[in-house]
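S.K.: Sequences are here, hints too, so could you generate the full structure?
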Amino acid sequence: MARRDWTTAALLAPAYGWLALAVFLPLGAMLFFSFLKAAPFGTRPLQFTFDNYLAFVRRPYLIDVAWTSIQIGLWTTGLCALVGLPAAIALARATRGRSQQVLFLLIVLPFWTNGLVRVFSWTMVLREGGVLDYALHLVAPSAPAVALLYSFPAIIIGLVHAYLPYMILTCYLSAAAIDDAYIEAARSLGARTPMIFAKIVLPLSLPGLISGAILIFVPVIGSFMEPRILGGRVGVTMGTMIEDQFVQAFNWPLGAALSFTMLAVVLIIFGVSSRALSARFGAQ
Amino acid sequence: MIALGRTYLLATIAFLYLPIAVMVAMAFNDSALYTLPIEPSLRWFASLAVNAPLQSATRNSLLIASATSVIATAVGAMAALALERKRFRGRSLLRLLLLPPIAIPWLIIGTAMLVFFFWTGIGRGIHALLIGHVALAIPYVVLIIGAGLQTLRADLEEAAMSLGSTPIHAFFSITLPPLLPSVLAAALFAFAVSLDQFVISYFLSTPGVSTLPVEIYSSIRKGFTPEINAISTIFLGVSSALVLVFAQLSHLGGKRDSR
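Going line by line, the protein sequences match chains A and B.
Going by the numbering used here, the residue at position 174 of the first sequence is 606; the numbering climbs one at a time, nothing skipped.
Going by the numbering used here, the residue at position 118 of the second sequence is 122; the numbering climbs one at a time, nothing skipped.
Since the hints were derived computationally from the structure, they do not count as laboratory data.
Take the hints with a grain of salt, since some may be wrong.
Said to hold, decoys possible - Here are a few chain A residues that face chain B, going by a calculated C-beta distance under 7 Å:
#	residue
1	Val455
2	Leu457
3	Ala519
4	Leu523
5	Pro542
Glycine included, every Cβ here is placed at the ideal spot set by N, Cα and C.
M.R.: Structure, rendered in structure tokens:
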């Protein structure tokens, strides 16, 4: 038996050792940093403090920044749900066979292309004199100039575009799993399409909707590249604040504390939603 | 209703592809200021040939992605084998530990790596990028190969071993051949994860040593030319080709066969 234990340990050690070195120890180090007064480089003595976590009290503008991030998260998640759920249901229910596979692949494909490249693409569509502006003036030459770039809507458009495939994917998995017999039974009892949609398809797609919403909300509140490129001066979010602490201001302890505050929010969201999901759908 | 659904679906797909199409079209536009209408030209592709920073960033990206793919697949396959085929205490905890690298926002993981690597003297640069990318890819590899292993019968290996084969020989002659598509899919996935990674690379690269996405980001912020479109177009082609091969290998999207 002892020999088999050693084999198992030897198989596992490289992967988990690597994860420890590159993910778990760094997270531990950052937690440690978040309680320091200043980064412990050189001969500076260690001074512990809880001040970094009181940043939201000491610096009221951070509350505005956090609120902007939450608004961006809510708008993006909401719009993805609104656009993605019907698309997922259409994919699962209105297509089949080969064309379903091709359409599925077409939806997943952009999600594997570089996120940065896609955000960059939007700058060319949304800027003044960009594609949108040009197209509008072909139709209505006297219309005012459309310059959406560097605005709140630009950030939302870019993020919805980036995260929509997640929502379509998770909702599709739920919608495709609905047993055709339920729908046939409802139809044979005289239910019309809107009724079937509201009473069967929508409720049974809900788990996909919820997991899609989590998969989107969590990374969106931590996004920094999209708000920077598409939002310009408007795009000050928790993500860009944290990035600034590490890249510009070099206040690593504050950046670490802000990161951990955000991580706590993420964990709470995961905890609450997984409990809600299992309470509601675990019985099935 | 069905026709409405299909139209809506196609409109959604059009939304997903619109900006990408614009980006590609602008790569072939002669104007440096992205003016419309488009005048076809290949000058931006030609000028890539003399753009040293972009070339070195591309080389770094390909190098790191290849190394990540090899290392993460080897290391991840071993872990998947132990998690699927061995019984031991703490197995479910180890499975759970695969999730944080996937679920925690990259911004947090990236800054944590920066802090830790700087503090311990590992520093930044190619080696740091490689350490970070492999760590991100490992959980995906374990999950993909683990799923492949689940569909294979474990008793064949045991039969081979009871007939006198060594465990290593049993693995290479019995388990590996039918597992090969999963291993290949995992390797491609790891390659794609590394090639597309921006956030972590951003924190771990140095001004001299960066990857293509980091170089694109700094060009976008400094003021850019359609050269960025040209290189992005090439990049897009490579990523898309990888995904198509991956889909073919893992039969992605073919779950509901309605014949």
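S.K.: Classify the hint on Pro542 of chain A as holds or violated, based on whether any CB of chain B lies nearer than 7 Å to its CB.
M.R.: It holds, given that the least Cβ distance between Pro542 of chain A and chain B is near 5 Å, below 7 Å.
S.K.: A closest beta-carbon separation below 7 Å is what the hint needs, so does Val455 of chain A meet it against chain B?
M.R.: holds (5 Å)
S.K.: Does Ala519 of chain A hold up as a contact with chain B if the rule is Cβ-Cβ below 7 Å?
M.R.: Hint holds; Ala519 of chain A Cβ to chain B Cβ min 4 Å, cut 7 Å.
S.K.: Quick one, is the Leu523 of chain A hint okay against chain B at 7 Å, beta carbons?
M.R.: holds (6 Å)
S.K.: Tell me if Leu457 of chain A is really an interface residue toward chain B, meaning its C-beta lies closer than 7 Å to one of theirs.
M.R.: Check passed: Cβ of Leu457 of chain A comes within 6 Å of chain B, closer than 7 Å.
The earlier numbered hints are all upheld by this structure, with none contradicted.
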